[in-house]
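Q: So you can see what is in the structure, the chains are spelled out below.
There are 2 protein chains.
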Amino acid sequence: GHYVICGFGRIGERVATDLREAGRDLVVIDRSDEPAEQLENQGFLFVQGNAEEEEILRAAGLERAAGLILVLPQDAANVFVALSAREIRPEAGPDGLFIVARTNEQSALNKLKRAGADKVISPLEIGADRIAQTILRPRVDRFMEKVLGVGALDFDLEEIRVSEGSLLDGRSLVEVDFRRRYNAIVVGVLKASGDWRFNPDATVPLDAGDTLIVLGSPARIGEIRAGGQMSLPGQSVK
Amino acid sequence: GHYVICGFGRIGERVATDLREAGRDLVVIDRSDEPAEQLENQGFLFVQGNAEEEEILRAAGLERAAGLILVLPQDAANVFVALSAREIRPEAGPDGLFIVARTNEQSALNKLKRAGADKVISPLEIGADRIAQTILRPRVDRFMEKVLGVGALDFDLEEIRVSEGSLLDGRSLVEVDFRRRYNAIVVGVLKASGDWRFNPDATVPLDAGDTLIVLGSPARIGEIRAGGQMSLPGQSVK
Ligand SMILES: [Ca+2]
Ligand SMILES: [Ca+2]
Chain Y
140 GHYVICGFGR
150 IGERVATDLR
160 EAGRDLVVID
170 RSDEPAEQLE
180 NQGFLFVQGN
190 AEEEEILRAA
200 GLERAAGLIL
210 VLPQDAANVF
220 VALSAREIRP
230 EAGPDGLFIV
240 ARTNEQSALN
250 KLKRAGADKV
260 ISPLEIGADR
270 IAQTILRPRV
280 DRFMEKVLGV
290 GALDFDLEEI
300 RVSEGSLLDG
310 RSLVEVDFRR
320 RYNAIVVGVL
330 KASGDWRFNP
340 DATVPLDAGD
350 TLIVLGSPAR
360 IGEIRAGGQM
370 SLPGQSVK
Chain S
140 GHYVICGFGR
150 IGERVATDLR
160 EAGRDLVVID
170 RSDEPAEQLE
180 NQGFLFVQGN
190 AEEEEILRAA
200 GLERAAGLIL
210 VLPQDAANVF
220 VALSAREIRP
230 EAGPDGLFIV
240 ARTNEQSALN
250 KLKRAGADKV
260 ISPLEIGADR
270 IAQTILRPRV
280 DRFMEKVLGV
290 GALDFDLEEI
300 RVSEGSLLDG
310 RSLVEVDFRR
320 RYNAIVVGVL
330 KASGDWRFNP
340 DATVPLDAGD
350 TLIVLGSPAR
360 IGEIRAGGQM
370 SLPGQSVK
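Protein chains in written order, with my numbering: chain Y, 140 to 377; chain S, 140 to 377.
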């Protein structure tokens, strides 16, 4: 299924770019017709209109969408659209319509959840936390510089699947010198069996079908993927 | 030394609260006198005025400050104040004046760095990244739920110092059942000797003076600290 993004501001645009790079199908809804040309050039589908109107959500194909991304500037508008969306698609989560919303105020978080959002993200809160961290936890910063090879507060957790016959299939993290090779740290492994390993033993061989949860910088992991050394979910670690 | 915060908007207020909770001395500069009463009640020092004016920075004690936090709403204003601050305090980094700035636009990042900021944080970028992550990396989300015991994209890296005679002094992570006890994962250790251990072996005993780099949720780690089970930097893991 495709993803519907409501709001093409700075956050909406970045999310759209990330999803498109990952090969997801998108429809963007925005009140303004300004994004139309840019979106067309970039190959996005675009519906001009007010996402608070149910027929606009239907025009964006909400009935058959996999997810809805609410990044309108006003919290009240995101709450309203979440409620409308749940009238059309009551089932939440990965088997229904997955709704993720941005909020400006901590106080709107519970309203968004009650309105049907599966996940709520507060960029200002995360940003403030990172700023406080740089001052209160200088060793975290130094750790990231050491691990990532660059000064970066822009750390991220990513998932990497080990596929049949790839470098990690049957080899341990130590054997492939994972940290040095990828400037990244494996913090967990989801075994093909469905079991989790936390702080996994770096000397235990991995198997095809395992998914590694990796701490690294988005830029560096993007580079690794682009170079074909690591893989997108569903692709192999070469 | 104290910290000077320029701008008391949503981000500035959160950063101020975090730093105060950690026992740091603060002076807040804001153009509006609205925050004055709130700040006074909360025990912050407050200078009303335009941070772009050098005498306002001096009134906030910039000459002897440890750090400057630039969270004004406009990127241009943050750039301007960074330049003014570097005229008063040219030395960057932890031995000089540490400057951390928030930016709205990726395009201002290099300008802020050239103007003298040690660190630049882009909340909208981090927020957009987290939103894309919830869709593109669902296993990361499940990992955090497993590790933290709560659904939380609000993960964080924290530092925890092992002090003499504390629980971890002379014991391994496995021995104290660290992950289950604290719902957190140790991704690195800064040894008292200054050496780093990445993906540390969970069966190797730790020593007093080691600093653990821990992946967890801020709320959960806050609780642990409040309960005295874990420690603030410089305090002991009990
Ligand atoms: Ca990312
Ligand atoms: Ca935090």
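Worth double-checking, as some hints may not be accurate.
It does not matter which identical chain is meant; a pair holds if it fits inside one copy or across any two.
Derived pair list, reagent style DSS-like, types lysine-lysine, alpha-carbon separation capped at 30 Å [claimed, not checked]:
1) Lys-330 to Lys-250
2) Lys-285 to Lys-330
3) Lys-250 to Lys-285
4) Lys-252 to Lys-285
Hints were generated in silico from the structure; no laboratory data involved.
Q: Hints first: check each against the structure and report whether it holds.
A: Structure-based check of each hint:
1. Taking the shortest Cα distances, Lys-330 and Lys-250 never come within 30 Å of each other, neither inside one copy (36 Å) nor across copies (45 Å).
2. For the homomeric pair Lys-285 and Lys-330, the shortest alpha-carbon distances inside one copy (28 Å) and between copies (14 Å) are both at most 30 Å.
3. In this assembly of identical chains, the alpha carbons of Lys-250 and Lys-285 lie at most 30 Å apart only when taken from different copies (25 Å versus 41 Å within one copy).
4. In this homomeric assembly, Lys-252 and Lys-285 come within 30 Å of each other (Cα to Cα) only across copies, at 20 Å, whereas the closest approach inside a single copy is 38 Å.
The earlier numbered hint that this structure contradicts is number 1, and it is the only one.
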